[in-house]
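Protein sequence lines correspond, in order, to chains A and B. Under our numbering, think of the first position of the first sequence as 502, with each following residue one higher. Under our numbering, think of the first position of the second sequence as 324, with each following residue one higher.
Where hints are given, some of them may not hold.
[Stated by the list, open to error] Simulated crosslink set (DSS-like; lysine-lysine; CA at most 30 Å straight-line):
no., chain 1, residue 1, chain 2, residue 2
1, A, 649, B, 342
2, A, 740, B, 571
3, B, 395, B, 342
4, A, 568, A, 740
5, A, 649, B, 348
6, B, 599, A, 649
To be clear, the hints were calculated from the coordinates, so they are not data collected in a lab.
So you can see what is in the structure, the chains are spelled out below.
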Amino acid sequence: MALLDIEGLSVRFKTSSGLFAAVEDVDINVDRGEVWSIVGESGSGKSVSMLATMGLLPWTAQVTADKMAFDGQDLQQLSSRQRRRIVGGEMSMIFQEPMSSLNPCFTVGTQIDEMIKQHLGGSRRERHERALDLLAQVGIPDPARRIKAYPHQLSGGMSQRVMIAMAISCNPRLLIADEPTTALDVTIQAQILELLLRLQEDTGMALILITHDMGVVAETAKHVVVQYAGRQVEKQDVKSLFAHPRHPYTEALLSALPERAGDQDRLPTIPGVVPGQHDRPSGCLFNPRCQYATEHCREVEPVAAPDDPASTLCHYPLDHPAAGTPPSAASSQDSPPQDPLSSNPPSPNPPRPEVRP
Amino acid sequence: MSRDAVLSAVNLTRHYQIKGGPFSKPATVKALNEASFELYPGQTLAVVGESGCGKSTLARVLTMIEPPTSGKLTISGHEVSLKEGQRPPAALRREVQIIFQNPYGSLNPRKTVATMLEEPLKLNRKEMSAAERREAALEMIAKVGLRPEHADRYPHMFSGGQRQRIAIARALMLNPKILVLDEPVSALDLSIQAQVLNLLADLQEEFGLAYVFISHDLSVVRRIADDVIVMYFGQPVETGPAEEVFTKPRHPYTQALFSATPVADPNRRRERVHLKGEPPSPLAPPPGCPFAPRCHLATDECTQVDPPLEHVNDQVEVACIHVDQAAAKYAEAS
Chain A
502 MALLDIEGLS VRFKTSSGLF AAVEDVDINV DRGEVWSIVG ESGSGKSVSM LATMGLLPWT
562 AQVTADKMAF DGQDLQQLSS RQRRRIVGGE MSMIFQEPMS SLNPCFTVGT QIDEMIKQHL
622 GGSRRERHER ALDLLAQVGI PDPARRIKAY PHQLSGGMSQ RVMIAMAISC NPRLLIADEP
682 TTALDVTIQA QILELLLRLQ EDTGMALILI THDMGVVAET AKHVVVQYAG RQVEKQDVKS
742 LFAHPRHPYT EALLSALPER AGDQDRLPTI PGVVPGQHDR PSGCLFNPRC QYATEHCREV
802 EPVAAPDDPA STLCHYPLDH PAAGTPPSAA SSQDSPPQDP LSSNPPSPNP PRPEVRP
Chain B
324 MSRDAVLSAV NLTRHYQIKG GPFSKPATVK ALNEASFELY PGQTLAVVGE SGCGKSTLAR
384 VLTMIEPPTS GKLTISGHEV SLKEGQRPPA ALRREVQIIF QNPYGSLNPR KTVATMLEEP
444 LKLNRKEMSA AERREAALEM IAKVGLRPEH ADRYPHMFSG GQRQRIAIAR ALMLNPKILV
504 LDEPVSALDL SIQAQVLNLL ADLQEEFGLA YVFISHDLSV VRRIADDVIV MYFGQPVETG
564 PAEEVFTKPR HPYTQALFSA TPVADPNRRR ERVHLKGEPP SPLAPPPGCP FAPRCHLATD
624 ECTQVDPPLE HVNDQVEVAC IHVDQAAAKY AEAS
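Hey, can you work out the whole structure from these sequences and the hints?
Listed below in C-alpha cells is the structure:
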C-alpha cells in the first residue's frame, strides 16, 4: 500500500468570474522512502495540489478527489480535528519563503516547541532537549544560543534550516518541500538540498519536492511528475524523463534549458505563454504552443493511455511504439528554432489573446 | 582588443556609511571594492556572484545612479567625474540604460506602454513631434516582439515575459550603447526565459549593444557571456573570458559556485567542492581574504593578506594566494 495515494485530485477556486480549475485530475502515488519531484512553471498547480493534500487551502477552494489516502486513512473522511493530528505530524511541509514562514514575534525555540507539544507532548525539559537536538541535526552551529534567536536574527539559509527542523520535529513519514531553495543562493541551496536528502535517507521518510528548476530535479529526485496549467502531463522515472521525455511540453522545456542547447545560435523556445483563467484553449491545453499539434489536438482533450506507464497526457506521446508522430511533426522538428521576434507560429487558429480582459 | 572600449572602469569602489545609533557605532560597508574591466561594443560582460556580493551596487555605479567613492569610470571616452549629489551630464546618461529584475515593479501601472516608451523621447529629444514619437514607439514595440495593438495597454494586462520586453523597449528608446541587465530573466519561467534571452541576443546583433549582464544563474551566463567577473563580498575574485573561466575555474570560490549549481542531467554525479557556512556580514569583515572562513584551502596566511587580482595568464586574473593548488585540485577532481 502506498504511503500517499491520490487519484483524480481537482481543486477549483470560486472567483468573481466563476469557477477556476487550478488543478485537474492529478494522480500521485508515493511509497515509503521515495523521493518525488513535482515540476512545472508558475500557474501549473504544483503548490496548490500539495496544499490541498495538506488541507491548507482557504474555504474558497473546492477540493475533490476520487481517492485521497495517507497511510490507508481516507483524508476526505477525517474530521478536521483528526486531520490536524496528521498534518504537521506525520505529514509535514516546508515553504518557499523561510523568512516569511516563521513568526517574527516568537523565538525559534518557542516555535519548534509548539510543534512538539501539539503532536508528541512530553515535559518542558524533554521538549527543549528535542528542539536542541533538531537544531543540531539540521546543521545549525551553536544550537544552545540559536534556540533563543528571533527569526530576524537569522539569515535566509538559517531560517530554512529552522523550518526544516520544525517540519521533521515529529518524525514525519512524508515531507513536502515547496520550492525550499528558490529564495536562497546557489551555495546555500546546495547545502539545504544535501541536508534534505540526508535526512530523508536517515529517517526513511518520503520526500516530495516541488520545484521549477530542472537542475534541482535531476540532482535530487528519483521520480518526477510534470505539470502544465493544472494538468499532470507526464510521470516518469527521472533518468528516463531526461533521456526520453514523453510529452511535447517536457521535451520543449528541456530543450529550452541553456545548458542543453549546445552550440545552436539561439535557444529553442516555446512560443506563447501558459494559459490563464480566461484563455484556456479547447482540446489539449498545450496545443497552441505545441510544435506537433494537429486539428485533433485542438478539438479533443487528450486522456492518458491506460497502458502508458508514464501516463502521458497527449494524443501523440513521443517515442511511443504504438502511435507514430503525426505527419506534420517530422517537418517541423527539423525546422530551425523559433525566432522570438515572430513569437507566434503561423497557425490556422486566430492568435490567442495573451492579455487578460 | 584594438577596438575602443565603450566603457572602462578602473578600481571602481563604492562604500556606504552606516550612521551610528544608540546601540551601534557608525560603520563603513564596502559594497564594491576595486572593480576594473573594459566593455566593448557587441560584447557581453557577465557579473556573477551570490546576494550581497556587490553585483547590484556595480549596476548602480555603472548607470550613474550613484557616484563611485573612488576609482575612474569612462563611458564612450568621457570620464565621469562626480561628486556626491551631482547629476551626470545628460549625454552620458543616454548612453547607459538599465533593465531591472522584476518587470512587475519596474513599470508604472498608470501609464500605457506607448506613454512609457515616448517619455524618454519627450525629455531628451525635444525636437521630435508627437507623431514622430508615436512612430518611434510603435517601431520599438515591433522590434521587441510585441504587436501594435499592445501600445495602448497598461502593464497589468501583460505577462511577465511581455513586461520584460516592454522594459527592454523602454531602455532602447534613446539608442544607448550600453545596457546594464540586472538579473533580467530570473523572475521569468523557463519557457519565457529562453524567449527573452534570444530577443536580447537579436538586439545585441542589430544595434551592436554592449551588455553588462548581472546574474546568479550560471547556465544562462555560460550561454551568453563573452567575459565573466566572479564577485565575492564586494570584490572581483576571478575575471576572464567566459569559456576559460567556465572550463578551468581557478579561484576556490568560483569552483565552489560552479559545483553547487545543479545540472539538469540525472546521470551526472560529481564530487562537490563543499562550502561551509555563509558569506560574512559586511559590517564585520573577516581579516585577510574574505573567502578564507569558508575556503577548504585556507591557511594561516590567508587570514593575514587580502590577495589582489593577479594575472595567471594574459587573459585570466585571480585573487587567491593558493591559485595553483586550487587549479590543480580541480583538474584532478573533474
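Hints, one by one, checked against the model:
1. With a C-alpha separation of about 28 Å, the suggested pair residue 649 of chain A and residue 342 of chain B falls inside the 30 Å cut-off, and the hint holds.
2. For the given pair, residue 740 of chain A sits about 28 Å from residue 571 of chain B by alpha-carbon distance, which is consistent with the 30 Å threshold.
3. With a C-alpha separation of about 26 Å, the suggested pair residue 395 of chain B and residue 342 of chain B falls inside the 30 Å cut-off, and the hint holds.
4. Restraint check for residue 568 of chain A and residue 740 of chain A: satisfied, since their Cα atoms lie roughly 28 Å apart, inside the 30 Å limit.
5. A distance of roughly 25 Å separates the Cα atoms of residue 649 of chain A and residue 348 of chain B; the hinted pair therefore holds under the 30 Å criterion.
6. Between residue 599 of chain B and residue 649 of chain A the alpha-carbon distance is near 23 Å, which keeps this suggested pair within the 30 Å criterion.
Hint violations for this structure: none, all hints satisfied.
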